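Using the sequences plus the hints, can you model the full thing?
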Amino acid sequence: MLQSITEQVRDPRVAALLELAVFPDPEQVERAIAFYEQNAEAELLAYIEQGEMLGVVGFTPSGDKEITVTHIAVDPGSRGLGYGRGMLLDLMVQERPERVIAETDEEAVDFYRSVGFSVTGLGESPSGLERFRCVYEADEEE
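Take 1 as the starting number for the sequence shown in the UniProt record's numbering and just add one per residue.
Hints listed in this document are in silico derivations from the structure and should not be mistaken for laboratory results. These numbers were taken from a predicted model, which means no experiment stands behind them. Be aware that one or more of the hints could be misleading.
Simulated restraints, written as ranges between beta carbons of each label pair [unchecked claim]: (1) ASP110 - GLU37: 25 to 33 Å; (2) VAL22 - SER118: 19 to 27 Å; (3) GLY123 - VAL22: 19 to 27 Å; (4) GLY128 - GLU95: 31 to 39 Å; (5) ARG131 - GLN50: 33 to 41 Å; (6) SER127 - ALA40: 40 to 48 Å; (7) SER62 - ASP90: 26 to 34 Å; (8) GLN28 - THR6: 16 to 24 Å; (9) LEU81 - GLN3: 29 to 37 Å.
Just so it is clear, CB atoms sit at the ideal spot from N, CA and C, and this is done for glycine as well.
Here's what the structure looks like:
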């Protein structure tokens with residue numbers, strides 16, 4: 001079940017999951033935490049099962065009926081069990097967007113493809129990593 005944890009973004013368990021979604025550098029983690037503290041529209045949700053926080057997904061509205069996934073991570077011990085996909089699908093049911101957008105690197109692009117996102121290459125970032133824009137267009141019936 002997804003639960004809002006935006007107010008608990010400084011909790012060490014939340015920070016540890018956010019660290020998995022960014023380059024594992026204390027400055028990057030602090031930037032991610034500050035993003036949720038300073039952006040009133042940003043929301044961070046956790047997938048909690050039997051009292052254990054297994055993953056997080058953060059997003060912002062990015063237009064009329066559109067959301068942008070800003071962070072997504074699943075605890076390493078729970079990866080490959082469908083929690084990431086489940087979080088995205090639960091987020092879509094909860095928010096009912098017509099379009100979901102995410103930008104990611106080569107490591108996570110296949111995850112988005114497997115959920116049904118279309119993928120467009122954006123070229124290399126200044127850090128030398130290839131970046132991708134992933135877009136999911138919801139059907140009216142969805």
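Structure-based check of each hint:
For ASP110 and GLU37, the hinted distance range of 25 to 33 Å is satisfied, since their beta carbons lie about 32 Å from each other. The hinted range of 19 to 27 Å is satisfied by VAL22 and SER118, whose Cβ atoms lie roughly 24 Å apart. Checked against the given bound of 19 to 27 Å, the beta carbons of GLY123 and VAL22, roughly 20 Å apart, stay inside it. A hinted range of 31 to 39 Å for the beta carbons of GLY128 and GLU95 is consistent with their spacing of about 34 Å.
Look at ARG131 against GLN50: about 36 Å separates their beta carbons, and that is inside 33 to 41 Å. Taking the beta carbon of each, SER127 and ALA40 are about 29 Å apart, not inside 40 to 48 Å as hinted. One distance hint, 26 to 34 Å for the beta-carbon pair SER62 and ASP90, is violated here, with the actual separation near 19 Å. A beta carbon spacing of about 19 Å between GLN28 and THR6 agrees with the range 16 to 24 Å that was offered as a hint.
At roughly 19 Å, the beta carbons of LEU81 and GLN3 sit outside the given window of 29 to 37 Å.
This entry does not satisfy hints 6, 7 and 9, going by the numbered hints stated previously.
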